[in-house]
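Top line first, the protein sequences correspond to chains A and B.
Going by our numbering, the first residue of the first sequence is number 1, and it counts up by one from there.
Going by our numbering, the first residue of the second sequence is number 1, and it counts up by one from there.
Note that these hints are calculated values from the structure, not bench results.
Just so you know, these numbers come straight off a predicted model, no measurement behind them.
Heads up, a few of these hints could be off.
DSS-like, lysine-lysine: derived pairs with alpha carbons at most 30 Å apart [unchecked claim]:
hint, chain 1, residue 1, chain 2, residue 2
1, B, K358, A, K107
2, A, K217, A, K189
3, B, K76, A, K156
4, A, K358, A, K328
5, B, K327, A, K327
6, A, K358, A, K69
7, B, K328, B, K358
8, B, K73, A, K107
9, A, K107, B, K327
10, B, K107, B, K156
Calculated from the model, a selection of chain A residues having no Cβ within reach of chain B, i.e. all distances over 10 Å [as the list claims (entries may be wrong)]:
hint, residue
11, G55
12, L133
13, V206
14, Q209
15, M245
16, M246
17, L282
18, P307
Per label pair, the in silico range of CB-to-CB distance [as the list claims (entries may be wrong)]:
hint, chain 1, residue 1, chain 2, residue 2, range
19, B, P314, A, G197, 28 to 38 Å
20, B, L332, A, D293, 44 to 54 Å
21, B, S267, A, L363, 18 to 28 Å
22, B, G310, A, G197, 52 to 62 Å
23, A, P356, B, P199, 26 to 36 Å
Cβ coordinates follow ideal geometry from the N, Cα and C atoms, glycine included.
There are 2 protein chains.
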Amino acid sequence: MAETEYVVQQSDLREFITNCMTQVGACPEHADTLAQNLLAADYRGHYSHGLNRLGMYMADIEQNMVETKGEPKILKQTVSTGLVDGNNLQGPVVGKFCMELAIQKAKETGIGWVTARHSNHFGIAGWYSMMALEHNLIGMAYCNTSPCMVPTRARKKVLGTNPISVAAPANNDDNFVLDMATTPVALGKVEIKHVMGQPIPPTWGVDNQGQVTTDPKAVYLEDGGLLPLGGTEETGGYKGYGLGMMVEVFCGILSGANFGSNIRHWSSHSEISNLGQCFVALDPSVFAPGFTDRMSDLMDHCRNLQPAEGSAGPVQVAGDPERQHVKKCDELGGIPYPAQQLAVADGLAKKCGVEPIKRLKAL
Amino acid sequence: MAETEYVVQQSDLREFITNCMTQVGACPEHADTLAQNLLAADYRGHYSHGLNRLGMYMADIEQNMVETKGEPKILKQTVSTGLVDGNNLQGPVVGKFCMELAIQKAKETGIGWVTARHSNHFGIAGWYSMMALEHNLIGMAYCNTSPCMVPTRARKKVLGTNPISVAAPANNDDNFVLDMATTPVALGKVEIKHVMGQPIPPTWGVDNQGQVTTDPKAVYLEDGGLLPLGGTEETGGYKGYGLGMMVEVFCGILSGANFGSNIRHWSSHSEISNLGQCFVALDPSVFAPGFTDRMSDLMDHCRNLQPAEGSAGPVQVAGDPERQHVKKCDELGGIPYPAQQLAVADGLAKKCGVEPIKRLKAL
Numbered sequence: 001m002a003e004t005e006y007v008v009q010q011s012d013l014r015e016f017i018t019n020c021m022t023q024v025g026a027c028p029e030h031a032d033t034l035a036q037n038l039l040a041a042d043y044r045g046h047y048s049h050g051l052n053r054l055g056m057y058m059a060d061i062e063q064n065m066v067e068t069k070g071e072p073k074i075l076k077q078t079v080s081t082g083l084v085d086g087n088n089l090q091g092p093v094v095g096k097f098c099m100e101l102a103i104q105k106a107k108e109t110g111i112g113w114v115t116a117r118h119s120n121h122f123g124i125a126g127w128y129s130m131m132a133l134e135h136n137l138i139g140m141a142y143c144n145t146s147p148c149m150v151p152t153r154a155r156k157k158v159l160g161t162n163p164i165s166v167a168a169p170a171n172n173d174d175n176f177v178l179d180m181a182t183t184p185v186a187l188g189k190v191e192i193k194h195v196m197g198q199p200i201p202p203t204w205g206v207d208n209q210g211q212v213t214t215d216p217k218a219v220y221l222e223d224g225g226l227l228p229l230g231g232t233e234e235t236g237g238y239k240g241y242g243l244g245m246m247v248e249v250f251c252g253i254l255s256g257a258n259f260g261s262n263i264r265h266w267s268s269h270s271e272i273s274n275l276g277q278c279f280v281a282l283d284p285s286v287f288a289p290g291f292t293d294r295m296s297d298l299m300d301h302c303r304n305l306q307p308a309e310g311s312a313g314p315v316q317v318a319g320d321p322e323r324q325h326v327k328k329c330d331e332l333g334g335i336p337y338p339a340q341q342l343a344v345a346d347g348l349a350k351k352c353g354v355e356p357i358k359r360l361k362a363l
Numbered sequence: 001m002a003e004t005e006y007v008v009q010q011s012d013l014r015e016f017i018t019n020c021m022t023q024v025g026a027c028p029e030h031a032d033t034l035a036q037n038l039l040a041a042d043y044r045g046h047y048s049h050g051l052n053r054l055g056m057y058m059a060d061i062e063q064n065m066v067e068t069k070g071e072p073k074i075l076k077q078t079v080s081t082g083l084v085d086g087n088n089l090q091g092p093v094v095g096k097f098c099m100e101l102a103i104q105k106a107k108e109t110g111i112g113w114v115t116a117r118h119s120n121h122f123g124i125a126g127w128y129s130m131m132a133l134e135h136n137l138i139g140m141a142y143c144n145t146s147p148c149m150v151p152t153r154a155r156k157k158v159l160g161t162n163p164i165s166v167a168a169p170a171n172n173d174d175n176f177v178l179d180m181a182t183t184p185v186a187l188g189k190v191e192i193k194h195v196m197g198q199p200i201p202p203t204w205g206v207d208n209q210g211q212v213t214t215d216p217k218a219v220y221l222e223d224g225g226l227l228p229l230g231g232t233e234e235t236g237g238y239k240g241y242g243l244g245m246m247v248e249v250f251c252g253i254l255s256g257a258n259f260g261s262n263i264r265h266w267s268s269h270s271e272i273s274n275l276g277q278c279f280v281a282l283d284p285s286v287f288a289p290g291f292t293d294r295m296s297d298l299m300d301h302c303r304n305l306q307p308a309e310g311s312a313g314p315v316q317v318a319g320d321p322e323r324q325h326v327k328k329c330d331e332l333g334g335i336p337y338p339a340q341q342l343a344v345a346d347g348l349a350k351k352c353g354v355e356p357i358k359r360l361k362a363l
């Protein structure tokens, strides 16, 4: 029998997260920014990056690893670029500040390229790139993360999942939203396979000797790591490794933040993370007219392709799976969560004296 | 017995290519730009994109598909962006013009983002991104190409190999140079497997029904196509598909060039190609001081990692294989070519009345 699911209204979720965060010490405005970010992840179906991570964000504040007030500071800027000190504030607070700066510059000169140091986990990269869509701009966001990817030929983790997000507007509120790790999957998917006692495909990870393995435990718990996107050297994994390093160039290297294996361990709260992030806004209107027409044309062309026999569904473009999930939530009147996940969140809330999460209805 | 190889001096190669191109009608300056581009590809070990393609560039001119004189034109610009009409000139002529424009803007505002339409095949993307290195800038180049990649779940080619190149300077003339297709391999590698009668790995391509195949013929000759980087849907191929579309956004969609399946077939010379390209220069000095130190630190950290048992060699970073080939050429006093490849080039030269290629020595 499937586990019971409950629907939670977005406003209730936002209030719940904000309450938990302010209770551990975050200022209300920052708490609300984080709440919007986590909510957006779950709404788009990226449950790994939403409410699921509330405990991590709370722990960072409880253990004084993240600043609870103040604002990011522009250290250096040109008409089109900016270097921002995140002042060790919450990632979404820093990222929102930077993306707004990039958008402002893009409106003035066609492009804004902003990097931040002294930032923290910023949630889903797509939240930032999509901020540009509201201004009819292309948005991009990049972030370095804790080491979990083993470079091609190596046996030790150096780079993180280092995500790339690029959002571009199309006609009628349609859009292209790429939001991807530069590893084949997130580490969370390996964890799930481990919990379910299933092997992983031989393209996901290596053990601590750098050998491809189908044992999730070897990757996840015994100091192995993820392969880069593309898998092994023979199947083009060095490209994913190169992309991961490109993201690091844009983030830690450009901003002067921690980078590569200097970044703290994923689950550590014993030192500040000093992550590097990069935000870009680009105005299509300074290039050829008709951008959104062409964007819609290409996307619809792909969507209308005949699917291969046995394919998992219709041909999609980046952003379509998330669009489906958003539609599902809108029809439900909120975001569906497994009972178990809500119970975990309620546990966190109880510890800090916050009311349990409100369930709209059971499914 | 291995086929004889001959070493050709770079100056002789440059003269040879220039002669062939001017003989079919290119103006000397444009012919020389193409020669430098093809030469750079072979020098860096990317033989697929060098002298090997001379015949294609000659055919484009002989069949009046490419303009032989004039120069690209800036249609629109801001202090940090530019839209360029390539006027259907040779790709390297357009690309060099655009990259120089991007570099100039980056020196003034920290960043230059330039897109071109009405361009043609521009050779290796790394030639453009690396132009920025001479100015201590980060360089990027993107290009759309003829359809050869089948989107995840589909059975028909839509996007090209759509390369991404990002070059970043490090200390002591060291550098990071990512130069990669967003497919697992170039179509040329499938062709080679076909010629050698070998199967391809099950992560490279699909047949014309969208089914993964190990038969190079099905991919290469029977209307199949390459998978995106990452392979099938299960192994993360939708990410490579998304990256290929991101490149198309930067190129055909932003510039108003042909895009996706509107682009002419790879071997076609029956219509102009109207390719879209994108060139970016970014000045690290407008961000945190010490960029090259951090870049060297990360690259050397990776290079010094203990390789996995059975790995094909030491751990490398993007640009290292090319660096090795450059070093080999420098030691040889020129670029080594198989006798057969030089014979093909001589055949092209003979048809247009140019002296055969000068061999410095046999290996």
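Hint by hint, here is what the structure shows:
Straight-line distance between C-alpha atoms of K358 of chain B and K107 of chain A comes to about 55 Å, which puts the hinted pair past the 30 Å bound. A C-alpha spacing of about 12 Å is found between K217 of chain A and K189 of chain A, which places the hinted pair at or below 30 Å, so the restraint holds. Between K76 of chain B and K156 of chain A, the direct Cα distance comes to roughly 48 Å. Violation of the 30 Å bound is thereby established for this hinted pair. For the given pair, K358 of chain A sits about 19 Å from K328 of chain A by alpha-carbon distance, which is consistent with the 30 Å threshold.
Proposed proximity of K327 of chain B and K327 of chain A is contradicted: the alpha carbons are some 56 Å apart, above 30 Å. Between K358 of chain A and K69 of chain A, the direct Cα distance comes to roughly 28 Å. Compliance with the 30 Å bound is thereby established for this hinted pair. Straight-line distance between C-alpha atoms of K328 of chain B and K358 of chain B comes to about 19 Å, which keeps the hinted pair within the 30 Å bound. Proximity of K73 of chain B to K107 of chain A is assessed by CA-CA distance (about 24 Å); at most 30 Å being required, the pair is judged to hold.
The hinted pair formed by K107 of chain A and K327 of chain B fails the criterion: a straight-line CA distance of about 46 Å is larger than 30 Å. Taken as a hint, the K107 of chain B and K156 of chain B pair is broken in the structure, with Cα atoms around 43 Å apart against an allowance of 30 Å. Remark: the non-interface label on G55 of chain A is consistent with the geometry, its nearest Cβ contact in chain B lying 28 Å away (cut-off 10 Å). No beta-carbon of chain B comes within 10 Å of the beta-carbon of L133 of chain A; the shortest separation is about 13 Å.
Chain B draws V206 of chain A into its interface by the beta-carbon criterion, the shortest separation being 7 Å against a cut-off of 10 Å. With a minimum CB-CB distance of about 6 Å to chain B, Q209 of chain A fails to clear the 10 Å threshold, and the non-interface call is violated. Not every C-beta of chain B lies more than 10 Å from that of M245 of chain A, the closest at about 6 Å, which undercuts listing it as non-interface. With a closest Cβ-Cβ approach of about 5 Å to chain B, M246 of chain A is found to fall inside the 10 Å limit, against its non-interface label.
The non-interface label for L282 of chain A is inconsistent with chain B: the shortest C-beta to C-beta separation is roughly 7 Å, within 10 Å. At the 10 Å boundary, the C-beta of P307 of chain A falls inside the reach of chain B, the nearest C-beta of that chain being 5 Å off. Between P314 of chain B and G197 of chain A the Cβ separation comes to about 37 Å, which falls inside the hinted range of 28 to 38 Å. Distance hint check for L332 of chain B and D293 of chain A: the Cβ-Cβ separation is about 52 Å, which falls inside the suggested range of 44 to 54 Å.
For the pair S267 of chain B and L363 of chain A, the beta carbons lie near 55 Å from each other, so the given range of 18 to 28 Å is not met. Checked against the hint of 52 to 62 Å, the C-beta distance between G310 of chain B and G197 of chain A comes to roughly 29 Å, which is inconsistent with it. Range check, P356 of chain A to P199 of chain B: about 58 Å between beta-carbon atoms, so the 26 to 36 Å window is missed.
When the structure is compared with the earlier hints, violations turn up for hints 1, 3, 5, 9, 10, 13, 14, 15, 16, 17, 18, 21, 22, 23 and for no others.
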